[in-house]
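Q: Chain residues, written in single-letter form:
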Amino acid sequence: VSAFIMPSLGADMEAGTLVEWLKRPGDRVKRGDVVAVVDTQKGAIEIEIFEAGVLDRILVQPGEKVPVGTPMATLRSDGAAQEPEPEPPQPPPEAPPAPERPPPEAPPEVPPRITPPPVEIPEPEAGLRVRISPAARRRAAALGLDLAGLRGTGPEGALTLADIEAAAAARVSAPPSGRVPRVGFDPAEMRRAIAAAMARSKREIPHYYLTETVDLRRALAWLDAANRDRPPTERLLPAVLFLKAAALALRKVPELNGFWEKDGFLPGAGVHVGWAISLRGGGLVAPAIHDTDQKALAELMAALRDLVQRARTGGLRSSELTDPTITVTSLGEHGAETVIGIIYPPQVAIIGFGRIVERPWAVDGALAIRPVATLSLAADHRASDGHRGGLLLAEIERLLQEPEAL
Amino acid sequence: MTKAAPVKMTYREACKQAIREAILADPRVFLMGEDVARYGGCYAVTKGLAEELGEDRIRDTPLSESAFVGAGIGAAIAGMRPIVEVMTCNFSLLALDQIVNNAATIPHMSGGQFAVPLVIRMATGAGRQLAAQHSHSLEGWYAHIPGIKVLAPATVEDARYMLQAALADPNPVLIFEHIMLYNMEGELDPRIEAVDISSAKVRRAGKDVTLVTYGGSLFKTLDAAAALAAEGIEAEVIDLRSLRPLDMATVVASVAETRRVVVVDEGWKSGSISAEVAMRLVEDAFFELDAPIRRVCSAEVPMPYAAHLEQAALPQPATIAAAARSLVAPA
Chain Y
460 VSAFIMPSLG ADMEAGTLVE WLKRPGDRVK RGDVVAVVDT QKGAIEIEIF EAGVLDRILV
520 QPGEKVPVGT PMATLRSDGA AQEPEPEPPQ PPPEAPPAPE RPPPEAPPEV PPRITPPPVE
580 IPEPEAGLRV RISPAARRRA AALGLDLAGL RGTGPEGALT LADIEAAAAA RVSAPPSGRV
640 PRVGFDPAEM RRAIAAAMAR SKREIPHYYL TETVDLRRAL AWLDAANRDR PPTERLLPAV
700 LFLKAAALAL RKVPELNGFW EKDGFLPGAG VHVGWAISLR GGGLVAPAIH DTDQKALAEL
760 MAALRDLVQR ARTGGLRSSE LTDPTITVTS LGEHGAETVI GIIYPPQVAI IGFGRIVERP
820 WAVDGALAIR PVATLSLAAD HRASDGHRGG LLLAEIERLL QEPEAL
Chain B
460 MTKAAPVKMT YREACKQAIR EAILADPRVF LMGEDVARYG GCYAVTKGLA EELGEDRIRD
520 TPLSESAFVG AGIGAAIAGM RPIVEVMTCN FSLLALDQIV NNAATIPHMS GGQFAVPLVI
580 RMATGAGRQL AAQHSHSLEG WYAHIPGIKV LAPATVEDAR YMLQAALADP NPVLIFEHIM
640 LYNMEGELDP RIEAVDISSA KVRRAGKDVT LVTYGGSLFK TLDAAAALAA EGIEAEVIDL
700 RSLRPLDMAT VVASVAETRR VVVVDEGWKS GSISAEVAMR LVEDAFFELD APIRRVCSAE
760 VPMPYAAHLE QAALPQPATI AAAARSLVAP A
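Order-wise, the sequence lines are chains Y and B.
One rule links them: number in the working numbering = place in the first sequence (from 1) + 459.
One rule links them: number in the working numbering = place in the second sequence (from 1) + 459.
Hints are computed from structural coordinates only; laboratory data are not their basis.
Using N, Cα and C, we set each Cβ at its ideal position, and we do this for glycine too.
One or more hints might be untrue.
[Stated by the list, open to error] Restricting the straight-line Cα-Cα distance to at most 20 Å, the calculated cross-link-like pairs of lysine to any residue (SDA-like) are:
| id | chain 1 | residue 1 | chain 2 | residue 2 |
| --- | --- | --- | --- | --- |
| 1 | Y | K524 | B | P789 |
| 2 | B | K506 | B | M639 |
| 3 | Y | K711 | Y | R847 |
| 4 | B | K666 | Y | P614 |
| 5 | Y | K721 | Y | H840 |
| 6 | B | K666 | Y | T612 |
[Said to hold, decoys possible] Anything over 12 Å on all C-beta distances counts as not near chain B; from chain Y, calculated:
| id | residue |
| --- | --- |
| 7 | A626 |
| 8 | A628 |
| 9 | P646 |
| 10 | I653 |
| 11 | T692 |
| 12 | E714 |
| 13 | G741 |
| 14 | D765 |
| 15 | Q768 |
| 16 | G773 |
| 17 | T781 |
| 18 | E856 |
Can you build the whole structure from these sequences, using the hints too?
A: Encoded structure:
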């Protein structure tokens, strides 16, 4: 039996509110399935599971806010016997809320369950250990109360005597039903999340910055030709060229693609570019486009449109928030000419593309007017040096000169 | 018993009256120490006593803690009932060999042939900008030593009557008087003429959290309890009074009700009396606890001279209340 825990969806996340379960106890799940929706500072996020098995017991109910790392459900491996103590069946979602006290004609209250002493006490698994005060533990044992799923209100979130008494009192009443409506993000909450992450970044990360102005004549000419035969909904934007070029270049400079952890640099398992999306009403997110370097341009364009749509309506998936190995921000046609980014920890770099502008450009000893964009890199000097950062920018520039190969 | 009005006096006056009464009551009792006679004591506790009682009974000594504490031990063994005043507990370290190796051990090493009925009074604590060599709270160290008793009178009543009980005790007894208490005024109940030196006392009753303290921190802790009461948190305040022996029964009984405890001690945390109280609770009352034990102690630095730094280094009502609040109503 393993635990499905409240994931950390970024360095700044401390807790999340469960909005709804998309799977029910007994459902078979496989790696990548979305099993729950959790409301975070970044809005409602669909949470994926990373293990195959059968969802066993639900430990957190809709509406509950729990810290990162809290077990939300248990998962048993395929074929394993069900836990001896199943959760009472959940009422269907459309059922009215259970009354606080059973109506008079209700059957007599169920006597307290006494858990039979197990023959063998298994070692508690790491992360599953319940934080409970000594007095509460003794009281729970006396009541025969199962601690799973109880939420502590004491110091450091520990279960206290009061929590145990409340759980014992609530044991006979039906579990809470109903669900919290799925909502978009709260701009104030998101502001706080950005403030925390960016302040941490500037406090901890020794940034270095490089910029390079890139001639985009060839790239834009190629794009024009490629878009000629496409319906408007499928047209490629310059951003997709930037994205692909950045992803391919990162393969050559892997020390900019990954994370700075306690023990030093941890390279990313793939190139999962986090694409910075600014949200209406303020705030931004940078969810991952998985394996950016391996996707065709059309595929990336579709992924970008989908991502922007979901970021604005609250449908991002947990892996999209946890997996980015680097961030790319492209300001687009209404943006500024240059952007010097702040790294999103624990990533080690952020690449920026400014607005495309026409500028005088020296070509073969003469002046010409060329569309150019300023490409920038802000990188963590603990993980890489400016020389390697410069190589990345040079490689992106080279790739943008051969757009047909992207 | 007749009903008499309570008597108001300062802690300093209570200490003085206790000494005066003991000397008048028993010809074996005398007091000696640095500047106690002609100067009247560096905290003015013995002011005027030499004129009244004579310099045989209130004796100035040379500036040698080892010598006059040793002389006190000898006098006690020889049948006197000496009260030795050490100006501050910081200076008592010069007499550590006499106190720890002689006073505490001789009754035991002599198989009970020699008693050492010695009382040593010392000033302790910070708060008057006397800097790191005059401001530390070392009573916790002495509480480590078997063979001596360690008292910390916090109230005027204890200042008035603990000396009498200490002199009656056949063991060496150390009395720590906090310097910030000398000017504090309190009421004496005329019906009380003696106190014990073995029990802790509940100074304020409450059901939500137990605050364990002693000496100079008692009134800060009571202030914290008053502030907590305004928030609806009822704190019980226990004054340990004696640091050796420790009356853990009173503390455990309180914690069994409140299930939460904060230990407040002006000493440092490391290797301290607060650590001892907390550990004994873990040993004896673990399953009564509904929250981690918290401590509010002095910052782990030599006591600063600058007033704002000194205050920042010491337990304060606000820090005590915050520790209690974190257990009762965690954010």
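Q: Please go over all the hints and tell whether each is borne out by the structure.
A: Okay, the hints, checked on the actual structure:
no. : hint              : result
1   : K524/Y <-> P789/B : holds (16 Å)
2   : K506/B <-> M639/B : holds (18 Å)
3   : K711/Y <-> R847/Y : holds (10 Å)
4   : K666/B <-> P614/Y : holds (18 Å)
5   : K721/Y <-> H840/Y : holds (15 Å)
6   : K666/B <-> T612/Y : holds (19 Å)
7   : A626              : holds (15 Å)
8   : A628              : holds (17 Å)
9   : P646              : holds (24 Å)
10  : I653              : holds (23 Å)
11  : T692              : holds (50 Å)
12  : E714              : holds (41 Å)
13  : G741              : holds (27 Å)
14  : D765              : holds (40 Å)
15  : Q768              : holds (38 Å)
16  : G773              : holds (28 Å)
17  : T781              : holds (27 Å)
18  : E856              : holds (51 Å)
Hint check: no violations occur; every hint is consistent with the structure.
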